[in-house]
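Student: The primary structure of each chain is shown beneath.
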Amino acid sequence: MILICKKYKEKNESYEEVIDWLLYKNALFEFLSGEDYYEDGKDWSLELNNTIEKSSRDFTKYKSIWFQGFLKHKSHLSSIFDTIECTNNNLAELRWRLGQEISKTNTQIFHNFKNAYQLPNPKSTKVDKFSNLRLAKDIGLEIPPSIITNSKKDLKTFFGKHDEIITKPLYETLSFKEKNNFISFKTDKIEGLEIDNLPDTFFPSFFQGYVEKDIELRVFYLEEKFYPMAIFSQLDPKTKTDFRNYNEQNPNRKVPYILPNEIEEKLTILMKELDLNTGSIDLIKTPDKRYVFLEINPTGQFGFTSKACNYYLEDEIAKTLVEHGE
Amino acid sequence: MSKKSFKLFANCIVVKGASLATICDLHRGKIYSIPLPLAEFLEKTKNGDTLEDVKEFSLEDQETVTEYLQYLEQNELGFWTDEPEKFPDLNLQWKSPEHINNAIIEIEKLDDDDLRKITTALANLLCKFVEIRFYETADLEKLAFFAENCRSSVIRSITVFLPLTSDINTEEIENLSIKYPRIVLFILHSVQEKGTSFKTDNPKIKLVSRTIDHRNHCGIIDPKLFSIKIPVFTESLNHNSCLNKKLSVDIDGNIKNCPSMLKSFGNLKTHSIEEVVKSNDFQKVWGINKEKIDTCKDCEYRHVCTDCRAYVENPDDQFSKPLKCGYNPYTNKWEEWSTNPLKQKAIKFYSFEEFLKN
Ligand code: SF4
Ligand code: SF4
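Chains as they are written, first to last, in numbering that gives the first Met the number 0: chain R, 0 to 325; chain W, 0 to 357.
Since the hints were derived computationally from the structure, they do not count as laboratory data. All values derive from a computational prediction rather than experimental measurement. Errors might be hidden in some of the hints.
As the list claims (entries may be wrong) - When the alpha-carbon atoms are kept at most 35 angstroms apart in a straight line, the in silico DSBU-like pairs for lysine-lysine are as follows: (1) Lys45/W to Lys296/W; (2) Lys5/R to Lys45/W; (3) Lys178/W to Lys8/R; (4) Lys5/R to Lys116/W; (5) Lys45/W to Lys24/R; (6) Lys205/W to Lys176/R; (7) Lys128/R to Lys85/W; (8) Lys60/R to Lys94/W; (9) Lys318/R to Lys94/W; (10) Lys62/R to Lys94/W; (11) Lys127/W to Lys6/R; (12) Lys85/W to Lys271/R; (13) Lys318/R to Lys205/W; (14) Lys185/R to Lys178/W; (15) Lys265/R to Lys85/W; (16) Lys167/R to Lys85/W.
Chain R extracted, bound-state conformation (with noise of 0.2 angstroms):
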């Protein structure tokens, strides 16, 4: 049996396909979701004393697991606090609070899968974006420069270094609607002018000096197989910086792309160092024919990789999952 581990409010078709093909192989699977443990108000427990631990849902018989996100940050208890009468602060403490709860909560839960073929372990998917660098630095990858600064002198200098720069999210890439615009943690580029305009210390963030691309890779990483995409973002001003900044009319040519095996090789040291059977890999290639590694996204959206390759990896990862799951 095949447990799927999802956010079951999130749409996303590439998941949808995934079971199609479990269907089609009469693959045995079952949902798990944190809606079940935090919004749908069913009883549940884990319990530990000194002769037993046990749960009240069964898990020996999920032999593998297919771990593509528990709970929506955003929206998980909401309706509590629509409720509550207390100062933004509190509140502000509160949710932090009760999300860092809600965290250690569902590592628990995950220790159920202790025994079962995970994709990828809950673990492992908590991405920290600058230790990863350093862990490709050690590894022999090339990296872009990187620094995490409060200070306005600092970024200066380093942008005095680097020429282009741009910040991103030490966290996940993510927008979300606010009356009448968006707040945004994702990849932007920074001009001088904007720096001027820093206060001499600001809140610390993230900065990396441009890479100059050729082209951007996207590698889907699978059981130690590789899947890469080129993107063509080159070719159109507008995802110069972050081809995520889609041209709708004229979308960047996606094509299947050959890694050299020494790349092949350190990523897959990173892969296993990291603990992470599968992901998604962002490199850039320059225009001198370096790799330089940007970051990996243990959940990350398959889906577009897949298609535009016509790598069938809805196909491989089902295919993975029934094998582990008999």
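Since the structure of chain R is provided, determine the placement of chain W with the ligands on it from the hints.
Tutor: Below, chain W with the ligands alone, put in the same frame as chain R:
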């Protein structure tokens, strides 16, 4: 200097016909006609040294080829690279996670029992797309019954054809469109000039004046219907572009590849749909790809075109070209198929057949 190859993007694929070739841009959904020698040149030079290869042409042709390459580059169909081996061809595999992908149901005379059998089969066969056809009367209760019974299936979309008759309950259509989100489109056909008091803003409801009171409306080949996409292209390489993984139940409950085909594999009342679909006999037409079809095999549109095996130029030959295609890949001209003198025999044949059955 290192060699430089001009390469088409892997999802821009050259297809050669008898006297022209196309580049099928499967990514952006566009198709470009190019001369055959250019197609051959592009194939030859993709991993070679393009500037050297161009020199094999006469001086005059060199200029033309160079201009073409510029055009292809500007339109982002290809690019220059000194590492051509890093950009492999697209893997042309095709597969799909269903036993039946789409089904056409001529629902008018089928009873509840039949409909239950059909919806169970569609669920078991993991069918994704359904077309429901009403020709003369629209029975919305029947439609609702069908949609209700589809709830536990993996059906992604249901398209319904119904005649806009004077007694039709248009409010009920609006209701059904909300109650059953899987019904994505209602096509109200045979809309008469004076009967068009019905207006709607519902994007799921479309009115067409064409009379679709009979199955023979199907099978038209038109460039507007070309589908320039990876799954269509790759499926067409080894499978029939219309009938692969298709199932239909005709107005009398006969299980067929398509309602317009004469061959029935048994009736719903006596045969199990699932068993029929499994049989080699039923799946035989699935393998009739364009390479096996007369004329189409020489056509540069063969991997983005649809097909029709029900209405063909020579009704005695199951490998003959679709009757309702006006394209001639030898002269590269599109003509009106219905007035083509060579097709009159087949046209007569099909109307004669239909006449006998009615
Ligand atoms: S074979 Fe022809 S008539 Fe039958 S469904 Fe296909 S296009 Fe229509
Ligand atoms: S000849 Fe007509 S039906 Fe055949 S592939 Fe060409 S356009 Fe399509």
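Student: So, against the hints stated earlier in the document, which numbers end up violated here?
Tutor: Of the numbered hints, 2, 5, 13, 14 do not hold.
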